[in-house]
Amino acid sequence: MSGPNSPVVILDRVGRRFGAQVALDEVSACIRPGEFVAIVGRSGAGKTTLLRCLSRAIVPTEGAVRMGGQDLRPLTGGALRAQRARVGVIYQQFNLVKRLRVLDNVLVGRLPHLRGWRRFTAPLGLFGADQREAALRCLDHVGLLGRAWQRTDTLSGGEQQRVAIAKILAQEPRLILADEPVASLDVMNGALVMETLRRIASRAGLTVISTLHHVDYARRYADRVLGLRAGRLAFDGPARELTDAAIVEIFGALPDADRVEIEPAIPLGEPALVTG
Amino acid sequence: MTSPLAGILAGPPPLAPPRHSELGRSLLATLGLAVALGLAARVIELRPLELFRDVGNVGIFLRGYLHPSFAHIGEYTWQCVVTVCIALWGTLMAMFISIPLGLLGARNLSPHPVVYFAARRTMDVLRAVNEFVFALMFVTAVGLGPFAGMLALGIHTGGVLGKLLSETIEGIDPGQAEGVAAVGAGRLNVIAFGVVPQVLPNFLSYVLLRFESDIRSAAVIGMVGGGGIGFYLWDTIRSFKDGEAATVILLIVAMVMCTDVISSRIRRAAI
Numbered sequence: 001m002s003g004p005n006s007p008v009v010i011l012d013r014v015g016r017r018f019g020a021q022v023a024l025d026e027v028s029a030c031i032r033p034g035e036f037v038a039i040v041g042r043s044g045a046g047k048t049t050l051l052r053c054l055s056r057a058i059v060p061t062e063g064a065v066r067m068g069g070q071d072l073r074p075l076t077g078g079a080l081r082a083q084r085a086r087v088g089v090i091y092q093q094f095n096l097v098k099r100l101r102v103l104d105n106v107l108v109g110r111l112p113h114l115r116g117w118r119r120f121t122a123p124l125g126l127f128g129a130d131q132r133e134a135a136l137r138c139l140d141h142v143g144l145l146g147r148a149w150q151r152t153d154t155l156s157g158g159e160q161q162r163v164a165i166a167k168i169l170a171q172e173p174r175l176i177l178a179d180e181p182v183a184s185l186d187v188m189n190g191a192l193v194m195e196t197l198r199r200i201a202s203r204a205g206l207t208v209i210s211t212l213h214h215v216d217y218a219r220r221y222a223d224r225v226l227g228l229r230a231g232r233l234a235f236d237g238p239a240r241e242l243t244d245a246a247i248v249e250i251f252g253a254l255p256d257a258d259r260v261e262i263e264p265a266i267p268l269g270e271p272a273l274v275t276g
Numbered sequence: 001m002t003s004p005l006a007g008i009l010a011g012p013p014p015l016a017p018p019r020h021s022e023l024g025r026s027l028l029a030t031l032g033l034a035v036a037l038g039l040a041a042r043v044i045e046l047r048p049l050e051l052f053r054d055v056g057n058v059g060i061f062l063r064g065y066l067h068p069s070f071a072h073i074g075e076y077t078w079q080c081v082v083t084v085c086i087a088l089w090g091t092l093m094a095m096f097i098s099i100p101l102g103l104l105g106a107r108n109l110s111p112h113p114v115v116y117f118a119a120r121r122t123m124d125v126l127r128a129v130n131e132f133v134f135a136l137m138f139v140t141a142v143g144l145g146p147f148a149g150m151l152a153l154g155i156h157t158g159g160v161l162g163k164l165l166s167e168t169i170e171g172i173d174p175g176q177a178e179g180v181a182a183v184g185a186g187r188l189n190v191i192a193f194g195v196v197p198q199v200l201p202n203f204l205s206y207v208l209l210r211f212e213s214d215i216r217s218a219a220v221i222g223m224v225g226g227g228g229i230g231f232y233l234w235d236t237i238r239s240f241k242d243g244e245a246a247t248v249i250l251l252i253v254a255m256v257m258c259t260d261v262i263s264s265r266i267r268r269a270a271i
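These protein sequence lines map, in sequence, to chains A and B.
Using my numbering, the letters of the first sequence correspond one by one to residues 1 to 276.
Using my numbering, the letters of the second sequence correspond one by one to residues 1 to 271.
Because the hints were derived from the structure by calculation, they are not lab data.
Incorrect hints may appear among the rest.
[What the hints assert, rightly or not] Residues on chain A that point at chain B, a partial pick, calculated with CB under 7 Å:
| id | residue |
| --- | --- |
| 1 | Val89 |
| 2 | Arg99 |
| 3 | Leu100 |
| 4 | Gln171 |
| 5 | Leu175 |
Just so you know, these numbers come straight off a predicted model, no measurement behind them.
Quick reminder that beta carbons are idealized off the backbone N, C-alpha and C, glycines included.
Construct the entire structure; sequences and hints are all you get.
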């Protein structure tokens with residue numbers, strides 16, 4: 001049933017309500033292996049809710065999320081942990097253990113792969129030389145080998161997000177979910193993180209689904225874009241088809257980089273500003 | 001020259017002040033506190049003048065303490081060592097009691113509300129019962145001596161450290177633990193990698209603080225048969241051997257000061 005080209009993820013009319021509020025409404029999509037998918041939309045459009053349904057942090061109230069032909073809803077205990085091991089998650093706030101060394105955070109990604117007695121020594125920090133070498137190779141891959149023995153909170157935000165990518169590499173997932181991976185980074189570090197993600201995804205043939213609030217990032221790095229508007233799928237197509245018209249369809253207006261829309265909290269008297 | 005911000009700073013108040021005056025409420029609270037303190041003073045028969053009227057008696061009593069007797073200094077010093085040993089093992093025992101209780105009694109980690117409730121109430125009982133009461137119980141179980149004192153300290157401090165640990169765990173950054181759980185790690189690994197690194201510095205600091213406090217408790221627990229210098233303190237005071245009692249008190253003060261200095265040095269170096 002699951003051939004090399006069968007879908008990694010199937011969203012089957014997924015809906016999610018929080019009380020009376022509808023966060024997701026009949027979202028259907030089919031994600032194929034190796035696709036780099038960006039989810040875009042305004043704040044509150046349901047991007048994070050959709051991603052949390054995919055990571056099974058929450059369960060849809062309507063429809064189903066299927067991975068490898070399996071509905072995620074009924075999973076519990078060991079089956080749920082096995083499912084989590086198959087999905088790597090990257091967070092806006094990195095979610096690394098700050099007081100641990102960089103290498104230890106990468107080794108955490110190896111936890112689901114430990115076999116035999118190593119599973120019992122790992123909680124004490126004893127992973128074995130082979131696991132440590134694997135983790136070091138993952139760090140080398142994101143260009144942070146020199147940081148291996150440093151405490152994680154001594155690294156910059158961009159470096160921490162790349163450590164998180166190294167941890168995902170060590171985890172060997174089939175799917176990577178990223179929730180606003182560059183939202184708390186500056187432009188240079190954001191681009192570096194996105195390029196690292198793009199590179200490892202295309203080299204290993206990994207599927208990536210990422211929420212992005214910058215349309216530019218989606219255009220530059222994604223193969224396919226899902227646009228959400230008020231919980232409904234307003235756009236589903238290749239990134240190159242994300243025209244200005246499509247953006248208006250998703251966002252309701254064209255987001256202009258030069259025009260920052262901030263409503264002043266205090267109505268400023270125009271003449272007073274001029275006389276200064 | 002008009003300020004450029006005159007438009008913001010001038011004009012009618014955008015928000016009216018709250019109607020209830022703070023002053024009236026403060027006066028009421030002060031009055032209530034004064035009444036409560038007055039009643040409490042009558043209950044405890046607070047008569048400060050008597051302290052001055054009979055101050056001469058205190059002088060006579062204290063005069064005996066001006067000449068410490070060093071006849072049994074060797075024995076007393078050894079009993080101070082015993083006291084430190086009681087505190088050391090008592091605190092260690094408390095650590096091992098507090099870890100499971102603290103994990104099960106942390107809201108964000110407890111496997112079930114019933115387990116949470118049971119762990120919390122157990123810690124409440126351990127803290128509510130004074131170490132002296134536990135010492136009296138253990139003396140009947142294991143006989144007079146330092147072992148009973150160590151058990152009493154360990155079990156009471158276990159409740160205290162357990163509560164501190166559970167509250168530290170409840171204050172962790174959940175994102176860091178979520179990052180570990182997200183790779184499919186089991187509960188033990190989530191604790192080992194996501195929780196322990198976050199709470200360890202605080203926990204060790206609490207353990208050292210409680211060790212200092214356990215030294216002070218161990219110094220008097222001998223009064224109820226828990227071993228250590230406390231027995232000699234009680235015995236010399238009760239039999240009016242003022243010179244001997246003075247020596248014992250001096251040794252206790254020296255011991256407490258030394259352990260406080262050493263423990264705070266360790267705390268600063270290690271954490």
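Structure versus earlier hints, numbers of those that do not hold, lowest first:
5
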